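Take these sequences, add in the hints, and give me the full structure.
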Amino acid sequence: MAKKPTRTEPKAPVVLTSKDKKTLSSLRNLAGKVIGTAETGRAPYLDIPSRSLSNVKFNQSRKIIEMGSGTNRRELFNLSQAKAYMQTCLVGSGCKQLIDQGKTTSIRGLFYLLKHTIKGTSEETFQDQAECDPVIEDVEVMLDTL
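Take any residue in the sequence shown, note its place counting from 1, add 686, and you have its number in the numbering used here.
FYI, nobody ran anything at the bench for these hints, they're computed from the structure. A portion of the hints provided could be inaccurate.
[Claimed, not checked] As a list, the in silico DSSO-like pairs of lysine-lysine whose alpha-carbon atoms are at most 30 Å apart:
| # | residue 1 | residue 2 |
| --- | --- | --- |
| 1 | 719 | 769 |
| 2 | 801 | 782 |
| 3 | 789 | 705 |
| 4 | 782 | 708 |
| 5 | 769 | 782 |
| 6 | 705 | 749 |
| 7 | 769 | 705 |
| 8 | 719 | 805 |
| 9 | 705 | 782 |
| 10 | 789 | 708 |
| 11 | 719 | 801 |
| 12 | 782 | 697 |
| 13 | 801 | 707 |
| 14 | 801 | 705 |
| 15 | 769 | 801 |
| 16 | 743 | 719 |
| 17 | 708 | 697 |
| 18 | 708 | 749 |
| 19 | 707 | 789 |
| 20 | 707 | 719 |
| 21 | 805 | 782 |
| 22 | 789 | 805 |
| 23 | 697 | 707 |
| 24 | 743 | 705 |
| 25 | 789 | 801 |
| 26 | 743 | 708 |
| 27 | 782 | 719 |
| 28 | 697 | 789 |
| 29 | 801 | 708 |
| 30 | 705 | 719 |
| 31 | 769 | 708 |
| 32 | 707 | 769 |
| 33 | 697 | 801 |
| 34 | 769 | 805 |
| 35 | 789 | 719 |
Bear in mind that the values here come from a model prediction, so they are computed numbers and not experimental data.
Structural data, given as structure tokens:
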């Protein structure tokens, strides 16, 4: 007996909030910088705002602590930074995927969405949640989406 074809309703287009649009724009700009750097023959890198005590200052007028302008550079072709670079790009890609689908998830959900074995190797993208959380935070501060 032949199966009946299943009818699928066309999905409604995803309505993006202004914050979603800003985040997508930031992700596209980030990807554009990486691609542009690679196309010029230079080593791709990401500048991530430093989340350290030495990079904060107290704003007297607003009565809040603000991040300074210090950054840490994460380079693709630096052996000690290559995995963190890949993880950062992977988190950005996962965030874009969720926004495009109009979905949200928890930090743990994002970890499980991104955790897999890299094809052709036995290397995992993330060993555990503790390895993933700081990378997610790096992407948050890099995109200024806090």
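Hint-by-hint comparison with the structure:
1. With a CA separation close to 19 Å, the supplied pair residue 719 and residue 769 stays within the 30 Å bound.
2. Simply put, residue 801 and residue 782 have alpha-carbon atoms about 16 Å apart, close enough for the 30 Å limit, and the pair holds.
3. For a cut-off of 30 Å, the pair hint linking residue 789 to residue 705 stands: about 13 Å separates their Cα positions.
4. For a cut-off of 30 Å, the pair hint linking residue 782 to residue 708 stands: about 11 Å separates their Cα positions.
5. As the CA atoms of residue 769 and residue 782 are separated by approximately 20 Å, the hinted pair is consistent with the 30 Å bound.
6. At most 30 Å may separate the alpha-carbon atoms for a hinted pair to count; residue 705 and residue 749 meet this at roughly 25 Å.
7. Only pairs whose Cα atoms come within 30 Å are accepted, and residue 769 paired with residue 705 is accepted, the gap being roughly 29 Å.
8. Under the criterion of a C-alpha separation no larger than 30 Å, the hint pairing residue 719 with residue 805 is consistent with the structure, at around 26 Å.
9. The suggested pairing of residue 705 with residue 782 holds, with an alpha-carbon distance near 13 Å, which does not exceed 30 Å.
10. Taking the CA atoms of residue 789 and residue 708, the gap is about 16 Å. The hint holds against a cut of 30 Å.
11. Simply put, residue 719 and residue 801 have alpha-carbon atoms about 25 Å apart, close enough for the 30 Å limit, and the pair holds.
12. Distance hint between residue 782 and residue 697 is fulfilled; the C-alpha atoms sit about 18 Å from each other, no more than 30 Å.
13. Our distance criterion of 30 Å between C-alpha atoms is met by residue 801 and residue 707, whose separation comes to about 26 Å.
14. A threshold of 30 Å between alpha carbons decides the hint, and for residue 801 with residue 705 the separation of about 26 Å falls inside it, so the pair holds.
15. Taking the CA atoms of residue 769 and residue 801, the gap is about 13 Å. The hint holds against a cut of 30 Å.
16. A threshold of 30 Å between alpha carbons decides the hint, and for residue 743 with residue 719 the separation of about 28 Å falls inside it, so the pair holds.
17. Our distance criterion of 30 Å between C-alpha atoms is met by residue 708 and residue 697, whose separation comes to about 23 Å.
18. Proposed proximity of residue 708 and residue 749 is supported: the alpha carbons are some 26 Å apart, at most 30 Å.
19. For the proposed pair residue 707 and residue 789, the alpha carbon gap of about 14 Å is at most 30 Å, so the pair holds.
20. A threshold of 30 Å between alpha carbons decides the hint, and for residue 707 with residue 719 the separation of about 18 Å falls inside it, so the pair holds.
21. With a CA separation close to 22 Å, the supplied pair residue 805 and residue 782 stays within the 30 Å bound.
22. For the suggested pair residue 789 and residue 805, the alpha carbons sit about 26 Å apart, so the restraint of at most 30 Å is met.
23. About 20 Å separates the Cα atoms of residue 697 and residue 707, which keeps this hinted pair within 30 Å; it holds.
24. For the proposed pair residue 743 and residue 705, the alpha carbon gap of about 26 Å is at most 30 Å, so the pair holds.
25. Restraint check for residue 789 and residue 801: satisfied, since their Cα atoms lie roughly 18 Å apart, inside the 30 Å limit.
26. Between residue 743 and residue 708 the CA atoms are separated by roughly 26 Å; this keeps the pair inside 30 Å, and the hint holds.
27. Distance hint between residue 782 and residue 719 is fulfilled; the C-alpha atoms sit about 16 Å from each other, no more than 30 Å.
28. Of the supplied pair hints, the one linking residue 697 and residue 789 holds, its CA atoms being roughly 13 Å apart against a limit of 30 Å.
29. With a C-alpha separation of about 26 Å, the suggested pair residue 801 and residue 708 falls inside the 30 Å cut-off, and the hint holds.
30. For a cut-off of 30 Å, the pair hint linking residue 705 to residue 719 stands: about 21 Å separates their Cα positions.
31. With a C-alpha separation of about 27 Å, the suggested pair residue 769 and residue 708 falls inside the 30 Å cut-off, and the hint holds.
32. For the suggested pair residue 707 and residue 769, the alpha carbons sit about 28 Å apart, so the restraint of at most 30 Å is met.
33. For the proposed pair residue 697 and residue 801, the alpha carbon gap of about 27 Å is at most 30 Å, so the pair holds.
34. For the hint pairing residue 769 with residue 805, the CA-to-CA distance comes to about 15 Å; that is within 30 Å, so the pair holds.
35. With a CA separation close to 26 Å, the supplied pair residue 789 and residue 719 stays within the 30 Å bound.
Comparing the model with each numbered hint stated earlier shows that all of them hold.
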